[in-house]
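Enquirer: Just so you know, the sequences run in chain order A and B. First residue of the first sequence? That's 1200 in the working numbering, and the numbers climb one at a time after it. First residue of the second sequence? That's 1200 in the working numbering, and the numbers climb one at a time after it.
Some hints could be false.
No distinction is drawn between identical chains; accordingly, a pair holds when it is met within one copy or between any pair of copies.
Said to hold, decoys possible - List of simulated lysine to aspartate or glutamate pairs, DMTMM-like, C-alpha gap at most 25 Å:
| hint | residue 1 | residue 2 |
| --- | --- | --- |
| 1 | LYS1203 | GLU1555 |
| 2 | LYS1485 | ASP1576 |
| 3 | LYS1412 | GLU1387 |
| 4 | LYS1556 | GLU1297 |
| 5 | LYS1556 | ASP1612 |
| 6 | LYS1214 | GLU1416 |
| 7 | LYS1275 | GLU1560 |
| 8 | LYS1214 | ASP1527 |
| 9 | LYS1283 | GLU1579 |
| 10 | LYS1483 | GLU1362 |
| 11 | LYS1366 | GLU1468 |
| 12 | LYS1355 | GLU1252 |
| 13 | LYS1264 | GLU1514 |
| 14 | LYS1264 | GLU1488 |
| 15 | LYS1412 | GLU1207 |
| 16 | LYS1494 | GLU1555 |
| 17 | LYS1556 | ASP1293 |
| 18 | LYS1203 | GLU1416 |
| 19 | LYS1214 | GLU1204 |
| 20 | LYS1214 | GLU1509 |
| 21 | LYS1355 | GLU1387 |
| 22 | LYS1556 | GLU1237 |
| 23 | LYS1483 | GLU1508 |
| 24 | LYS1483 | GLU1387 |
| 25 | LYS1556 | ASP1299 |
| 26 | LYS1412 | GLU1325 |
| 27 | LYS1214 | GLU1508 |
Don't read these hints as lab results, they were simulated from the structure. In this text, all values refer to a predicted model and were calculated from it rather than measured experimentally.
2 protein chains.
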Amino acid sequence: MTVKEIVEQKARAAKAASRQLATVPVGVKNAALYAMAEQMENTDAAQILAANEADVASARAKNVKASYIDRLTLTKERLHGIAKGLRQTAALPDPLSESDFSVVRPNGLSIRRVRVPLGVIGIIYEARPNVTADAAALCLKAGNACLLRGGSEALKSNAAIVEALTKAAASAGLPAGAIGFIDVTDREAVGVMGNLRGIVDVIIPRGGAGLIKYCAENCRVPVIETGTGVCHTFVDETADLTMAVNIAVNAKTSRPSVCNAMETLLVHERIAPAFLPLVTYAMKAKQVELRGCEKCLALDGVNFVPATEEDWATEYGDLILAVKIVPDVTAAIEHINRYNTGHSETIVTDSVQNAEKFRREVDAAAVYVNASTRFTDGFEFGFGAEIGISTQKLHARGPMGLRELTSVKYLIDGQGQCRQ
Amino acid sequence: MTVKEIVEQKARAAKAASRQLATVPVGVKNAALYAMAEQMENTDAAQILAANEADVASARAKNVKASYIDRLTLTKERLHGIAKGLRQTAALPDPLSESDFSVVRPNGLSIRRVRVPLGVIGIIYEARPNVTADAAALCLKAGNACLLRGGSEALKSNAAIVEALTKAAASAGLPAGAIGFIDVTDREAVGVMGNLRGIVDVIIPRGGAGLIKYCAENCRVPVIETGTGVCHTFVDETADLTMAVNIAVNAKTSRPSVCNAMETLLVHERIAPAFLPLVTYAMKAKQVELRGCEKCLALDGVNFVPATEEDWATEYGDLILAVKIVPDVTAAIEHINRYNTGHSETIVTDSVQNAEKFRREVDAAAVYVNASTRFTDGFEFGFGAEIGISTQKLHARGPMGLRELTSVKYLIDGQGQCRQ
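So here's chain A without its partners, still in its complex pose (with noise of 0.2 Å):
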């Protein structure tokens, strides 16, 4: 079989299978993420530990790096968080039992809102073989079936999740097909995928800049995008300088690789000869590279090198920060809709009229006031999941949890009502 025919086929059964998963109960879908929680955490940890070293081997073959090879491995540890996840997903309400529209129209027409799954849903990623558990389990939670494309180095450990993944589904009683995984490396079959309208419902990246530009620009079905983040710090004339201190170092070096990160600090230039010194001290014990305005190599020439206009729209994830000193919030917020992601913004100032500037002007998913954006998260949100964060407008923005992966369906009930 040829690439396209091996996705074509995967697909389809997974459409299959959302037709019936979208009527199975709740406590059966739950029941289904218990056992996937068994079985991955005790009757299959030795075959997926095996399988994720094989996968660890070839990786350390390749001479990646050690953040790479980390992000791959399996340890007995790592499978009891993730079958810990598979519970807490099981433990989450059923977004499917919500209904926030209901209406009986003068005619005696009842019209109610209920959710209902999307149906197919199409996850690629790259190295972390949890998030083949996470995915899956997110997905059926909310009624859908998933189609599954991890990274090619990560293979072995995901086909042999998906296995055990798979028996246990079957063993609660969940269709076939409801686990669909893409076992070829070829790219080939992502643009399959990603072109299946009608039988994929939406794609979700996970993973890089690259990966996701690639999937927005050659997916036909619908992508929500997720996950970039140039994300901005901006502390005002009036911010308590401890704190902004303490934000932005956290918002930089607490977790440097993951999306709500900062990447570029805006300071007020009336605050910068007094702030510049201290955040300068706390990044550097931190041992981040400084790269700065010109206004920043006026003030300090030591610590900074200069920033070009290419650092203003990099998302490093690493210990990187680019600095740039602004007359004023409206400045502030113009430069960060013009390189912003959309992600996640905060603004450290005692001003109530510029936070209020700020939070109405900024174009992103989540705009702080006095707070680090490592907080842009599922868990901290407190939605209890989160299968990606969108930093697109349309359908979801920001934090995407079981809701978000769901659609609406009109349910009308009548006695034989006609229209005029």
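Following the hints, complete the assembly by docking chain B onto the known chain A.
Expert: Then chain B, alone, in the frame of chain A:
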């Protein structure tokens, strides 16, 4: 300038306007809508009607269908109707004032989800010039700029309407560029609009299946598919026969050209011998052409011509009806899920079980029990306005009102919180 340059220039102007519009108070937007109504109905009525006469004369010279001329034609009365619609839009609640989620987290972070405009909405439509005013009004009310691209036959009418709307909007203080109008008739313009990712936020095509398919396949900007309807009525074994005839006749004949009209009638085989003569008589009295499955032809070889496979998938938009006799509700649901376009489906039944099965298993935006599919409409649902009926699952499904022209934004207020 090339088509590409013209479209890009207008789109960039709309984008700039959208940033300003996002913060314009609702009172100013409403004042603009009232001024637009006045301008269309009185101040500029003569110019608009003169421009429309020229369009109608050109269309007549091309010998197009009478129904087409009717859609294209504006009269003083129709301008009053459009103005009334603009005032109704002004009177609707502000969709940006709602917040449906607000929480204070254990760490003291206060999180609110508020509604924000989508940004720039591209509307691509066909002959009816009234869409120009209706669509612009709904986009503006929700805080969006629009980029309008109407049919070439209505170019002069649309240009005159946009000129009137723009003058009125400017007099009320709205930013220039808020109502973008693509005055090039080249089809290339659609392709350019649909690929301005990062400038145009969403494309909503309003028109025939051909236009919608073209947009879905050729736009990189997200598209909301609207208004194709292969809608079904299923008459179950236990249906009240009089109710079933009334619903079927209403769904087929009250306005055959619209998307919520019935195209295929499914009949339970046990009730077919009693029901078919009744519905045949009623449909024939309304000049409906009947195309039946083999079983229909066996029961009535006089009034039916044979239906082909193609008929089951066709949106006639005309006084033609496909009829199929099915063994039970399961077969009816299977047929619907295979051939429908996800718009509106109805069952006529006295069985609670079958009604519930139909509601649960039919995959469509609106699923009816004992009522005509003709009610799928923003006004009939009580939304007060409608930009179209979405037949897709992402972002919006079913009638789209003002709320569906918005996105969300999370506002997070802290007191210096940093993430562990």
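Enquirer: Is it within, between, both, or neither for LYS1275 and GLU1560, if the alpha carbons may be no more than 25 Å apart?
Expert: Classified as neither: same-chain Cα gap 47 Å, cross-chain 41 Å, threshold 25 Å.
Enquirer: My question is about LYS1412 and GLU1387: at a cut-off of 25 Å on alpha-carbon distance, are they close within one copy, between copies, both, or neither?
Expert: Both, since 15 Å and 24 Å are each at most 25 Å.
Enquirer: One pair to classify: LYS1264 and GLU1514, alpha carbons no more than 25 Å apart. Within, between, both, or neither?
Expert: within (18 Å within a copy, 57 Å between copies)
Enquirer: Using 25 Å as the alpha carbon limit, work out where LYS1203 and GLU1416 are close: within a copy, between copies, both or neither.
Expert: both (19 Å within a copy, 19 Å between copies)
Enquirer: Please sort LYS1203 with GLU1555 into within, between, both or neither, judging by C-alpha distance up to 25 Å.
Expert: neither (51 Å within a copy, 38 Å between copies)
Enquirer: Reference check for the pair LYS1494 and GLU1555, CA-CA at most 25 Å: within, between, both, or neither?
Expert: For LYS1494 and GLU1555, the Cα distance exceeds 25 Å both inside one copy (27 Å) and across copies (68 Å).
Enquirer: Can you tell me if LYS1264 and GLU1488 fall within 25 Å by alpha carbon in one copy, between copies, both or neither?
Expert: within (20 Å within a copy, 70 Å between copies)
Enquirer: Can you give me the call for LYS1366 and GLU1468, within, between, both or neither, at a CA distance of at most 25 Å?
Expert: neither (61 Å within a copy, 41 Å between copies)
Enquirer: For the identical chains here, do LYS1214 and GLU1508 meet the 25 Å Cα criterion within one copy, between copies, both, or neither?
Expert: Only across copies: LYS1214 and GLU1508 sit 23 Å apart there, 46 Å inside one copy, limit 25 Å.
Enquirer: Between copies, within a copy, both or neither: which fits LYS1556 and GLU1297 at Cα up to 25 Å?
Expert: between (35 Å within a copy, 19 Å between copies)
Enquirer: At most 25 Å between alpha carbons: which applies to LYS1483 and GLU1508, within, between, both or neither?
Expert: within (23 Å within a copy, 72 Å between copies)
Enquirer: For LYS1556 and ASP1612, with the copy left unspecified, which applies at a CA distance of at most 25 Å: within, between, both, or neither?
Expert: between (46 Å within a copy, 14 Å between copies)
Of the numbered hints given earlier, the model fails hints 1, 7, 10, 11, 16, 22, 24; all others are met.
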